[in-house]
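Participant: First to last, the sequence lines map onto chains D, G, F and E.
In terms of UniProt numbering, the first sequence is residues 1 to 398.
In terms of UniProt numbering, the second sequence is residues 1 to 398.
In terms of UniProt numbering, the third sequence is residues 1 to 398.
In terms of UniProt numbering, the fourth sequence is residues 1 to 398.
Some hints could be false.
[Claimed, not checked] Have a look at the derived ranges for each label pair, beta carbon to beta carbon:
| hint | chain 1 | residue 1 | chain 2 | residue 2 | range |
| --- | --- | --- | --- | --- | --- |
| 1 | D | R86 | G | D192 | 30 to 36 Å |
| 2 | D | E3 | G | E216 | 34 to 40 Å |
| 3 | F | E222 | E | R212 | 38 to 44 Å |
| 4 | E | T368 | G | D192 | 51 to 57 Å |
| 5 | D | G71 | G | A209 | 34 to 40 Å |
| 6 | G | A211 | D | T151 | 46 to 52 Å |
| 7 | E | A214 | F | T140 | 51 to 57 Å |
| 8 | G | A209 | D | E222 | 17 to 23 Å |
| 9 | D | I176 | G | A209 | 28 to 34 Å |
| 10 | E | E160 | D | D138 | 40 to 46 Å |
| 11 | F | D63 | D | D230 | 54 to 60 Å |
| 12 | E | T368 | F | A228 | 50 to 56 Å |
It should be emphasised that the hints constitute simulated quantities derived from the structure, not laboratory data.
Note that CB positions come from ideal geometry on N, CA and C, so glycine has one too.
There are 4 protein chains.
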Amino acid sequence: MTERVVLAYSGGLDTSVCIPWIAEETGAEVIAVAVDVGQNGEDLDIIRKRALACGAVEAEVADARDEFADGYCLPAIRANALYMDRYPLVSALSRPVIVKHLVAAARKHGATTVAHGCTGKGNDQVRFEVGISSLAPDLTCIAPVRDYAMTRDKAIAFAEAKNLPIVTTKKSPYSIDQNVFGRAVETGFLEDIWNAPIEDVYEYTQNPADARDADEVVITFEHGAPVAVDGREVTVLQAIEELNRRAGAQGVGRIDMVEDRLVGIKSREVYEAPGAIALITAHQELENVTVERELARYKRTIEQRWAELVYDGLWFSPLKRALDGFVAEANRHVSGDIRMTLHGGRAVVTGRRSEESLYDFGLATYDTGDTFDQSQAKGFIELFGLSGKIAARRDGQS
Amino acid sequence: MTERVVLAYSGGLDTSVCIPWIAEETGAEVIAVAVDVGQNGEDLDIIRKRALACGAVEAEVADARDEFADGYCLPAIRANALYMDRYPLVSALSRPVIVKHLVAAARKHGATTVAHGCTGKGNDQVRFEVGISSLAPDLTCIAPVRDYAMTRDKAIAFAEAKNLPIVTTKKSPYSIDQNVFGRAVETGFLEDIWNAPIEDVYEYTQNPADARDADEVVITFEHGAPVAVDGREVTVLQAIEELNRRAGAQGVGRIDMVEDRLVGIKSREVYEAPGAIALITAHQELENVTVERELARYKRTIEQRWAELVYDGLWFSPLKRALDGFVAEANRHVSGDIRMTLHGGRAVVTGRRSEESLYDFGLATYDTGDTFDQSQAKGFIELFGLSGKIAARRDGQS
Amino acid sequence: MTERVVLAYSGGLDTSVCIPWIAEETGAEVIAVAVDVGQNGEDLDIIRKRALACGAVEAEVADARDEFADGYCLPAIRANALYMDRYPLVSALSRPVIVKHLVAAARKHGATTVAHGCTGKGNDQVRFEVGISSLAPDLTCIAPVRDYAMTRDKAIAFAEAKNLPIVTTKKSPYSIDQNVFGRAVETGFLEDIWNAPIEDVYEYTQNPADARDADEVVITFEHGAPVAVDGREVTVLQAIEELNRRAGAQGVGRIDMVEDRLVGIKSREVYEAPGAIALITAHQELENVTVERELARYKRTIEQRWAELVYDGLWFSPLKRALDGFVAEANRHVSGDIRMTLHGGRAVVTGRRSEESLYDFGLATYDTGDTFDQSQAKGFIELFGLSGKIAARRDGQS
Amino acid sequence: MTERVVLAYSGGLDTSVCIPWIAEETGAEVIAVAVDVGQNGEDLDIIRKRALACGAVEAEVADARDEFADGYCLPAIRANALYMDRYPLVSALSRPVIVKHLVAAARKHGATTVAHGCTGKGNDQVRFEVGISSLAPDLTCIAPVRDYAMTRDKAIAFAEAKNLPIVTTKKSPYSIDQNVFGRAVETGFLEDIWNAPIEDVYEYTQNPADARDADEVVITFEHGAPVAVDGREVTVLQAIEELNRRAGAQGVGRIDMVEDRLVGIKSREVYEAPGAIALITAHQELENVTVERELARYKRTIEQRWAELVYDGLWFSPLKRALDGFVAEANRHVSGDIRMTLHGGRAVVTGRRSEESLYDFGLATYDTGDTFDQSQAKGFIELFGLSGKIAARRDGQS
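If we strip away everything but chain D, and leave its shape as in the complex, we get (with noise of 0.2 Å):
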């Protein structure tokens, strides 16, 4: 039987470009799979009939993007998830469920090998590669750019030499990947560190520095999932969307930063992500008013290594896993509402109430009805100080 190989296709130049290239290195039937997790691009349809055109045997479409929020994004603000503190993992979530979907076409259609776009010096290489070698460990990944050398000219010239049906222009100076949580802008003058970004490369968001209205927000959230907007109900994914909307209406989520990527070297990425900072920084503050302390404190660690998990590609792996219990279990009381104003390019929580509160009134006022005994604190710092104060005496150190 021939051998069939499964590519991860999004309708573009460079993975059209792959379908008859496969072909060709390989003897392979290709298999085109496109899933749609937000990013907006072309019908669903239409890229199907491209693949088809290009010579793929079989294309397959899905429209992922309540999967992709409910099962990756949802995650994602249970564990305020921004690697390196900023960033909330845009691309690095939809990986994992473009693989499933990958893996699932791969058994569906007996195919050995996984293919996908991406070059040989970036990070989602590795999360395809290691997403499909944890849920099928059987099966092999080629790359045709970076194991074929299949540069962007070649594949122009390929297109017209085979006379694919797509449109060969010049590239757009962005390199962008985007999706329902976000959007990742890569570009040439943007590699001098020195250089700010323009008003050009952003499209999630408008200019923070426009005069504009505030538009304040009320979001609900039930174990840490947010299940409603000013008191309308929504799925995770319209919740998303709803704010990615009135967020980036306000210019809020623009990220410009220097990042570690996992192949070893830093590069200059600007994202946005106006919803997905949105909901994250309710969260955290709903975090704070419902979360007991040690187990807050503990969670910062907790969530530093979930991120650093996902973006190196290991969502599937056995301690991402084991961390998605510990993030569960501390979003169990996460339920309440938070209130924000979205202006300027700011996302500002100004109220929060909960049946799950654990801010006690009573313990925390300063005016009449005080219900704190101060008398406790006198023993409590004395043994809380009694390790640092012996040590102290040893040291002498006044």
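Starting from the known structure of chain D, arrange chains G, F and E on it as the hints suggest.
Facilitator: Below, chains G, F and E without anything else, positioned relative to chain D:
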């Protein structure tokens, strides 16, 4: 010989009353010590004279602004210290420098006790007392408000009865603690955590929503310390002051959060720290450029613990000292320029340049000049993912 | 209605005296609760009758041995819990199960207070009281020894004056706490930390230096729980008991250490825990075989925090609960056999086999059958070391 | 000019064959460098002459035993470094000191390449190559066994064909790496992880089951370094050597474990490290006595990461350097005596005394002389448990 008590003296009503109150309660002589950490209050000499007029046998005042900036704020900048990812430890940082002066005064004047004006339900009592027991384990501590039930009303009555030379107006609705690194505000209506702050609570920052022109600033760091602003050499104190002014004018650095106190309760806190937030933001991005990945990742965990320790009053603890060594070593190469736009409540990095940069254009670029050897990736991915792949074979995930 | 106090009752002199003492001090009725956690003491019925004879209005006794083994010792085995890398938390584990029974009795009998016999300088007072406040925040706690200055001498005098039906012999030089998971000994001459323990202090273990034949045992685990010993099915309790016997006969599990107490002091402790040490040693090695590397590495950090929390009396805390989820997930595949030689104070693993093994002979062997593709290593090393290499280029180390 | 290659030379068959083999493969001149790290092999001068006889253009030998003990073993003792809680990093510690000598030789002789004899599936290739790229990022590395498929059989055939002055006996069944800090053994029958080791594999240690008298030793540390044994001043090297002898004679320090390699596989390893285990055990207990609790707790996490980094070949990494600062600071007060009984495979601490002790008899004793103020406990417990109590009120656990 008569016992002597050193009192942490602010010049305000409460600690002024403490002077004769402590004398009455204990029969001891009171020595007032006022420390200027940039709180922008009254003239130190006026404060000194008031202490004497209230009955202090000695009164010491110290301009500790540079000492505070260099020895306490700078380590916090190097540690990117944000308690609960938000609060730059404004009050927590000032307590140990005040403690140092209190202990020095106790030694100089032969005092056996140190007194402070804190209540029994906050963090500051712990910071004062654990700090003192760590520097001078032989000294004892008293807190008249907590230990002798010196309420505000009693203090006013006492002041009037004793005819103390202080104004006993009705208490301001705001309870404030401020120094050059920031300002903390508590007030009755904010104890309802659904209420938003009003403009009236802020003093270091303008309303970020006001229309104004952006301010661009270039901050130069050496080994993690700010050494120049827009090319002009500055001390750490001057850097904080200039950025308080300029970032404050843009509404940068407002924080509104529910916070976990060391004494076990949650409290609502509003802070403004324009200089601190601008400097930490700049410092973080310069680290992104100059600190190696594994060091940078681990440093985040260290930073969190550092912030918790300082928040918890353990500035002088052995663990804090050992973490300081780590933080200092990690800042060895954190030198260079950060360009930042201050505007509309945002402090946004737009450029970075450094002789110590680890950003390698040749390795990072996707354009001409790419020196990255993509052929290495295949082997890397295989071994990086191998332990997970073996586990997947066992677990049979798909 | 008369107030009621539930007392943690051991049957010994001190808690027997507590019954009438508490009644006198508080005017409350006392309900004695004795919990068998495998301390091998007197018959429960005798204890119950003594409590009544001392004036308890009710006396409850519970055989909690299996509950203790399954719900408290097993999680500790799964967490390889060794406080300060040595102490298997013998006493710390028993407090929460006793607390559960005390709270249940308080609910049943309408008590508002719980009393225990601990002093004010140990860990157990914290474990009892924090445990109770975490299960029943409305109950209050008293500790007659600490709160009513009930010293040993006063207790004996009181017992004699009241003619209590207990033997008031001179105190044994040893202060002992023991249960099925181990035994803790404190005694005067060990308070000089230069003194070595003598054979007389040990009861669960024979002298490891005595000549005897080795004992080989095979322990079977499922999901981290011991389920068979030498092929015979066992409960967790039986596994601990059998290994206490067999490992104890070989002198395994003696621990002599200086320990950091929660109350801030260091104390000298001698423990013996033959079953606990044998089981944890076996479990650790089975994890080495069955747990993926990154999960195993991270689990060590989790284990340390788990042990600290349990030592510190935070068994019922939200953080402990969240860590439990991690530990349970990490034990999912920890199934298989460990063969161990018990001899001369050592419990040494000599063989492991598991259907869940991640040890892959083909990948590991250097002989015929090697399936490891060594050509991958070059690329792995290059990218694994790249961030350090770039830093080295900058730093110019050599 | 002819290229030059520096070869890590052991004097054995494989690296002897490497000399002409590399010369043939690369056309370069080969410089052999042998480093004595206490492996107790042949005389260095004989090794030097053999290298020249095999065709090396230069041969350098270095006695690095003290350098290894002071600069590599001592930091490991201070860090209580045990990879996976067991393995004292014997081989992992020796690679960086060898790397230092290789790089120095490369600089001296103008070489551009460094060669080593490791295979492509172990850790040591990574340690050599990442070490070299961290000290000398301009040098390249080759490994003939891995890169030129120089198998054992081919090496013997080549040696015979070239008439090399080396004995080409059949390979010993044991693959050994040893130095003064310990000895690592791999061998075919141990690749079945159910098989127990036999006495034949051990050389540094006697059978712990043999009857013999116990040996008592007092080790004196200063700042974490062993400085005297039984009162006689020693260098670190001498301390390790003496304890290798004495603890080895008692069967101390045998380790048999399944280990997670950096390249992603699990392997079976047998080690013996009598001196290392005795010194680390003593050092740990001296830390228990002299290090403040919070520092001690955090140090365990640091130690684990330190051991992982060194195991993973990242000795010269920026993170390792920053952790070294922490470890050094934590050892500041680790001075004093540890008395230890070596017997029957056990190294058991029986006494400790130190001028830097934090053990306070007055606070610890339950007898006459007790200075601990038990009245402080009540307030401590209340506030220590308050955040959990508030959470319990919400959660309604019982």
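Participant: With reference to the structure, classify each hint as holding or not holding.
Facilitator: Now for the hints, and whether the structure bears them out:
The hinted range of 30 to 36 Å is satisfied by R86 of chain D and D192 of chain G, whose Cβ atoms lie roughly 32 Å apart. The given range of 34 to 40 Å is broken by E3 of chain D and E216 of chain G, whose C-beta atoms sit roughly 58 Å from each other. Between E222 of chain F and R212 of chain E the beta carbon distance is about 40 Å. The supplied range of 38 to 44 Å therefore holds. In this structure the hint that T368 of chain E and D192 of chain G lie 51 to 57 Å apart at CB holds, the actual value being about 55 Å.
G71 of chain D and A209 of chain G have their C-beta atoms about 38 Å apart, which keeps the hinted 34 to 40 Å range intact. The hinted window of 46 to 52 Å between A211 of chain G and T151 of chain D holds, with their beta carbons roughly 49 Å apart. For A214 of chain E and T140 of chain F, the Cβ-Cβ distance of about 52 Å falls inside the hinted range of 51 to 57 Å, so the restraint holds. Checking the proposed 17 to 23 Å range against A209 of chain G and E222 of chain D shows it is violated: the Cβ atoms sit about 31 Å from each other.
Here the CB-CB span from I176 of chain D to A209 of chain G is close to 32 Å, well matched to the stated 28 to 34 Å. Checked against the hint of 40 to 46 Å, the pair E160 of chain E and D138 of chain D passes, with Cβ atoms roughly 43 Å apart. In this structure, D63 of chain F and D230 of chain D meet the distance hint of 54 to 60 Å, their C-beta atoms being roughly 57 Å apart. At about 51 Å, the beta-carbon gap between T368 of chain E and A228 of chain F stays in the expected band of 50 to 56 Å.
Figure legend: structure checked against the earlier numbered hints; hints not met, in rising order: 2 and 8.
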